[in-house]
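The lines below spell out each chain.
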Amino acid sequence: MFKKAIRIIKDFWATFSTPSKYFSLGFLTVGGFIGGVLFWGGFNTALEATNTETFCISCHEMRDNVYQEIQPTIHFTNRSGVRATCPDCHVPHDWTDKIARKMQASKEVWGTIFGTINTREKFFEHRLEMATREWRRFEANDSLECRNCHDEGAMDFTRQSARAAAAHERGLIEGDATCITCHKGIAHELPDMAGVEGWH
Amino acid sequence: MRLIYTGIAILLVSVAVFAAEGDHDSLRGNVPLLEERTPEPLYEVENNDLRRIRAYPMQPPTIPHKIDNYQVDLNANRCMTCHSRRRVAESQAPMVSVTHYMDRDGNFLAELSPRRYFCSQCHVPQTTAPTQVGNTFQDIDEIIREQRQRGQ
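Line by line, the protein sequences give chains A and B.
In this text, residue positions in the first sequence follow our numbering: the first is -3, and each later residue adds one.
In this text, residue positions in the second sequence follow our numbering: the first is 509, and each later residue adds one.
By construction, these hints were calculated from the structure, which means they are not laboratory data.
On a predicted model such as this, the values are computed, not experimentally measured, just so you know.
Note that beta-carbon positions come from the ideal geometry of N, C-alpha and C, so glycine has one too.
One thing to keep in mind: the hints can contain errors.
With the C-beta cut set under 10 Å, the calculated list includes, among others, these residues of chain A facing chain B [unchecked claim]:
1) V78
2) R116
3) F119
4) M126
5) R155
6) A163
7) G167
So, partial list: chain B residues that the calculated Cβ filter (under 10 Å) puts toward chain A [to be verified]:
8) E544
9) T546
10) N555
11) D557
12) R560
13) T570
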């Protein structure tokens, strides 16, 4: 049984490693190219499929917690009808960063399988830890995902409320704050903030 | 006998209620009970950052900015990220007054007093909605002036 398996593998390898007798180099090149395109397209399509809000809220941890909470906020309900979806804020646009985030996310699939946060209570237990990770990411990349939509240079402070304009002037222009420094909890309810800088 | 009196009393009361039905309940706007009323439009919240006058010194000032989705619960108090003693330098907001750091016996606390934790119990933002009912409130200064003019 075992020997048979080895023989099949050996045969396969023999065929696989000998140069082609029947197909031209041109055919192989073009075929390889097309195959590559198909593979790449398929990979990216699969990647994009996991990059939608529908995918994010297909697991109940997200649907029952964060998705419920985002609905009354400005990024879900507003007069202009432009929505920010989960990947807009949580997945980098840049390809390398996107793949890196997706690798991290595979750990979250484990979480789902083993039920790390499968009840509201467990979700609350881990919430500060998860939120802190996101804050750190935004601090490190100068809130890049926010800036994909909100261009600081394009913000007309004179059209903002006096309170917003003054804060942006002080924090963004004169200071070195970034969006998340002041806008924590913009899309979700906050965890226990007792130990967080500026909140106690 | 008593039963008859009670019956007559109930009858009179219900007649009075029916008679008054033309002009009750300003909130429903005199729409018959079985009909649905077209709701008022949602009025805009004042967000002009201009403080309003206080009608008397002990009045909790109204909030001159919008507070949509500002979280105030067991986990977090968004208001205090701007209005607490330690945060006002950064936010340039007025500090909650010292009464917010006092317990009911007048002792000063290091932290916000629990009875002042839920700000919107006392402070509310304003909208541009027209008032539902009239208001005859008179400022104390006006009363004093009138008395001076009348009396003296």
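Can you verify the interface hint for T570 of chain B: is its Cβ closer than 10 Å to any Cβ in chain A? Check failed: Cβ of T570 of chain B comes no nearer than 15 Å to chain A, outside 10 Å.
Taking the least C-beta to C-beta distance, is V78 of chain A closer than 10 Å to chain B? Where the cut-off is 10 Å and the nearest Cβ of chain B is about 17 Å from V78 of chain A, the hint is violated.
When the nearest CB of chain B is found for R155 of chain A, is that gap smaller than 10 Å? 13 Å, violated
Close enough to count: is the Cβ of E544 of chain B nearer than 10 Å to one in chain A? Not OK, violated: E544 of chain B not within 10 Å of chain A, min 24 Å.
Against chain B, run the beta carbon of A163 of chain A and see if the smallest gap drops under 10 Å. 7 Å, holds
Supplied contact hint for R560 of chain B, tested at 10 Å Cβ to chain A: 15 Å, violated
Does the interface hint hold: is F119 of chain A within less than 10 Å of chain B, judged Cβ to Cβ? 13 Å, violated
Chain A contact restraint for T546 of chain B - C-beta distance below 10 Å: 21 Å, violated
Given M126 of chain A was flagged as interface, is its beta-carbon under 10 Å from a beta-carbon of chain B? Because about 14 Å separates M126 of chain A from the closest Cβ in chain B, which is outside the 10 Å limit, the hint is violated.
The hint names D557 of chain B as touching chain A; please verify it with the least Cβ-Cβ distance against 10 Å. Hint holds; D557 of chain B Cβ to chain A Cβ min 4 Å, cut 10 Å.
Quick check on the hint: N555 of chain B CB to chain A CB, less than 10 Å? Holds - the Cβ of N555 of chain B comes within 10 Å of chain A, reaching about 5 Å at its closest.
Under 10 Å, Cβ to Cβ, is where R116 of chain A needs to be relative to chain B, so tell me if that hint holds or is violated. 13 Å, violated
In this structure, the earlier hints numbered 1, 2, 3, 4, 5, 8, 9, 12 and 13 are contradicted, and the remaining ones agree with it.
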